[in-house]
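J.: What follows is the residue order along each chain.
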Amino acid sequence: MLKLDHVHVHYGRVQVLRGVSLEIPDGSVVALLGANGAGKSTMLKAISGILRPSRGTIIFDGEDISRLDSSAIVRRGVIHCPEGRQVFPGLTVRENLLLGSYVRGNPRVQFDRVIDIFEALGPRLGQLAGTLSGGEQQMLAIGRALMGEPRLLLLDEPSLGLAPLIVEYIFKVISKFHEHDISVLLVEQNATLALEFADWAYALSHGQIRFSQAADELRDSDLVRSAYLG
Amino acid sequence: MTQYLLQISLAGLAQGSLYALTALGLVVIYNASTVVNFAHGAMGMAATYVAYVLISQLHVPVPLAFVGAIAAAFILGAVVQALLLERLNGAPILTQVVVTLGLFMFLEGVLGLAFGYNPRPMAPPIAIAPVTVAGLVLRPQDIVQLALLVALGVALAALFGATKLGLGMRAITENTYAARLMGIPVGRVLGTAWGLGVLLAAVAAILAAPTTSVTPNMMDTIVVYGFIAAILGGFGSLVGAVVGGLILGVIVNMIDAFLAPELAMSIVFGLLVLVLYVRPDGLFGRKAVQKV
Ligand SMILES: Nc1ncnc2c1ncn2[C@@H]1O[C@H](COP(=O)(O)OP(=O)(O)OP(=O)(O)O)[C@@H](O)[C@H]1O
Ligand SMILES: [Mg+2]
Numbered sequence: 318m319l320k321l322d323h324v325h326v327h328y329g330r331v332q333v334l335r336g337v338s339l340e341i342p343d344g345s346v347v348a349l350l351g352a353n354g355a356g357k358s359t360m361l362k363a364i365s366g367i368l369r370p371s372r373g374t375i376i377f378d379g380e381d382i383s384r385l386d387s388s389a390i391v392r393r394g395v396i397h398c399p400e401g402r403q404v405f406p407g408l409t410v411r412e413n414l415l416l417g418s419y420v421r422g423n424p425r426v427q428f429d430r431v432i433d434i435f436e437a438l439g440p441r442l443g444q445l446a447g448t449l450s451g452g453e454q455q456m457l458a459i460g461r462a463l464m465g466e467p468r469l470l471l472l473d474e475p476s477l478g479l480a481p482l483i484v485e486y487i488f489k490v491i492s493k494f495h496e497h498d499i500s501v502l503l504v505e506q507n508a509t510l511a512l513e514f515a516d517w518a519y520a521l522s523h524g525q526i527r528f529s530q531a532a533d534e535l536r537d538s539d540l541v542r543s544a545y546l547g
Numbered sequence: 012m013t014q015y016l017l018q019i020s021l022a023g024l025a026q027g028s029l030y031a032l033t034a035l036g037l038v039v040i041y042n043a044s045t046v047v048n049f050a051h052g053a054m055g056m057a058a059t060y061v062a063y064v065l066i067s068q069l070h071v072p073v074p075l076a077f078v079g080a081i082a083a084a085f086i087l088g089a090v091v092q093a094l095l096l097e098r099l100n101g102a103p104i105l106t107q108v109v110v111t112l113g114l115f116m117f118l119e120g121v122l123g124l125a126f127g128y129n130p131r132p133m134a135p136p137i138a139i140a141p142v143t144v145a146g147l148v149l150r151p152q153d154i155v156q157l158a159l160l161v162a163l164g165v166a167l168a169a170l171f172g173a174t175k176l177g178l179g180m181r182a183i184t185e186n187t188y189a190a191r192l193m194g195i196p197v198g199r200v201l202g203t204a205w206g207l208g209v210l211l212a213a214v215a216a217i218l219a220a221p222t223t224s225v226t227p228n229m230m231d232t233i234v235v236y237g238f239i240a241a242i243l244g245g246f247g248s249l250v251g252a253v254v255g256g257l258i259l260g261v262i263v264n265m266i267d268a269f270l271a272p273e274l275a276m277s278i279v280f281g282l283l284v285l286v287l288y289v290r291p292d293g294l295f296g297r298k299a300v301q302k303v
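So the protein sequences, as listed, match chains R and Y.
So the first sequence is residues 318 to 547, counted in my numbering.
So the second sequence is residues 12 to 303, counted in my numbering.
Hints are supplied without guarantee of correctness; some may be wrong.
Stated by the list, open to error - Simulated crosslink set (EDC-like; lysine to aspartate or glutamate; CA at most 20 Å straight-line):
no.	chain 1	residue 1	chain 2	residue 2
1	R	LYS489	R	GLU436
2	R	LYS320	R	ASP516
3	R	LYS489	R	ASP433
4	Y	LYS175	R	ASP429
5	R	LYS320	R	ASP343
6	Y	LYS175	R	GLU466
7	R	LYS493	R	ASP537
8	R	LYS493	R	GLU466
9	Y	LYS175	R	GLU412
Worth flagging that the hints you see were computed from the coordinates, not collected in a lab.
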């Protein structure tokens with residue numbers, strides 16, 4: 318479904334991604350692991366058209382999307398749920414959700430579906446997003462991404478700074494995405510958690526893929542874990 | 012005496028509606044792009060020249076000429092955003108502000124070169140004699156100005172409150188990065204916001220033209236009052252811009268009538284400082300919503 322081929326990304330003169338190749342099969346959850354500053358968020362931004370690769374191709378459903386703008390990429394069903402949630406703080410929960418379907422037609426059906434998934438948001442539709450708790454904001458961020466009817470969801474550190482119970486809840490939701498034909502690229506600091514839900518994992522360090530392996534093999538391989546994942 | 016005060020206030024509200032329209036345009040542009048548009052008045056003035064040329068040189072019917080000028084204003088705003096500001100996206104705000112200052116001088120200079128600095132007359136669009144109601148003289152021009160302010164204010168409220176485009180503009184104001192992630196075509200939406208903002212300046216300028224005449228600097232005073240009105244209202248609030256503009260119009264008219272027109276600007280600035288001292292966010296400024 319998605320294939321990165323030798324993607325390079327620069328911030329000005331600083332190179333952050335150095336020829337990254339990666340593949341996400343249809344209907345799978347792929348984890349992207351790596352230390353702080355490895356370039357994980359940068360890779361997601363390159364896929365979603367926020368940053369333009371200086372070299373390489375990004376093929377989605379057989380089409381090179383690496384030169385498209387973010388609006389065109391969202392319309393194709395590649396939705397990026399960013400690190401740090403990035404809700405619209407001064408807009409209501411309802412408005413935040415509706416913005417998620419900006420490029421879609423009638424949002425009503427999807428809206429009901431999202432409220433069904435994240436019941437906690439239901440009673441807060443009229444509340445400003447900036448006044449939600451961290452966990453609620455993360456639910457809103459994911460719900461807003463779902464409003465865009467993703468076929469591929471790019472999730473950047475959904476567990477960051479959240480209580481274990483909320484993390485568990487959010488990952489239960491993520492584990493059901495494949496039933497709706499949503500593939501996931503999951504960035505996580507918490508490798509144990511990510512490997513529990515992923516089918517396949519890539520490890521990124523200093524802008525390069527160090528290895529990729531089936532998640533269940535990686536789970537059991539103490540050597541690799543201690544060497545790369547801490 | 013009360014009759015006289017009422018009369019002055021009424022004329023003040025009419026004059027204030029021009030400040031309010033100017034301020035609304037400034038706020039629409041600022042909210043979307045965080046750029047303070049110092050070329051605002053000049054862009055409205057340029058659109059007035061379009062109307063002037065259409066009417067007195069090409070003999071286009073007046074209503075049609077106004078529509079043409081308003082459309083030209085919209086395009087001018089969108090083009091300036093796309094050609095100048097889109098390029099400067101991410102540049103320090105000061106750079107963008109300097110660009111709008113440069114554009115201000117460029118427009119006044121170019122239109123001065125093309126048409127000279129002699130004021131050119133523009134007939135009021137409606138040539139009806141004033142009517143007297145309950146002892147108050149109502150000038151049709153004043154009524155038109157106030158009615159247009161109300162109509163455009165309601166239209167803006169509907170745009171921001173009830174349309175996808177308006178919601179998109181507010182999203183860009185809140186968090187441009189997240190707006191891009193939603194697939195909002197940020198450049199196009201900003202272009203539309205600039206187009207609308209300059210359109211509002213053009214409406215103000217065209218309404219002012221019968222009084223000020225058409226000159227390259229016809230908007231210089233009005234746009235300063237527009238800025239003050241926007242700041243009074245909290246630079247960001249649409250309601251604030253309207254209320255600020257109307258209050259300012261009444262105050263300026265009172266100063267003109269009871270003191271001296273030369274004092275108006277200094278007294279107004281004094282009042283502005285006073286208001287900001289008491290309420291640093293203006294009359295309707297929201298405290299910036301806590302960032303997450
Ligand atoms: N806008 C920017 N300009 C310059 N350098 C940047 C910019 N954004 C990120 N970088 C640099 O690029 C590198 C990779 O950053 P990135 O955010 O992709 O890391 P990450 O793997 O997501 O880290 P984390 O786990 O902390 O989120 C870092 O060294 C960072 O300093
Ligand atoms: Mg990151």
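J.: Would you mind marking each hint as holding or not holding in the structure?
T.: Against the structure, the hints:
no. : hint                 : verdict
1   : R:LYS489 to R:GLU436 : holds, 14 Å
2   : R:LYS320 to R:ASP516 : holds, 16 Å
3   : R:LYS489 to R:ASP433 : holds, 14 Å
4   : Y:LYS175 to R:ASP429 : holds, 19 Å
5   : R:LYS320 to R:ASP343 : holds, 11 Å
6   : Y:LYS175 to R:GLU466 : holds, 17 Å
7   : R:LYS493 to R:ASP537 : violated, 24 Å
8   : R:LYS493 to R:GLU466 : holds, 15 Å
9   : Y:LYS175 to R:GLU412 : holds, 10 Å
The structure is inconsistent with hint 7 alone, although it conforms to all the rest.
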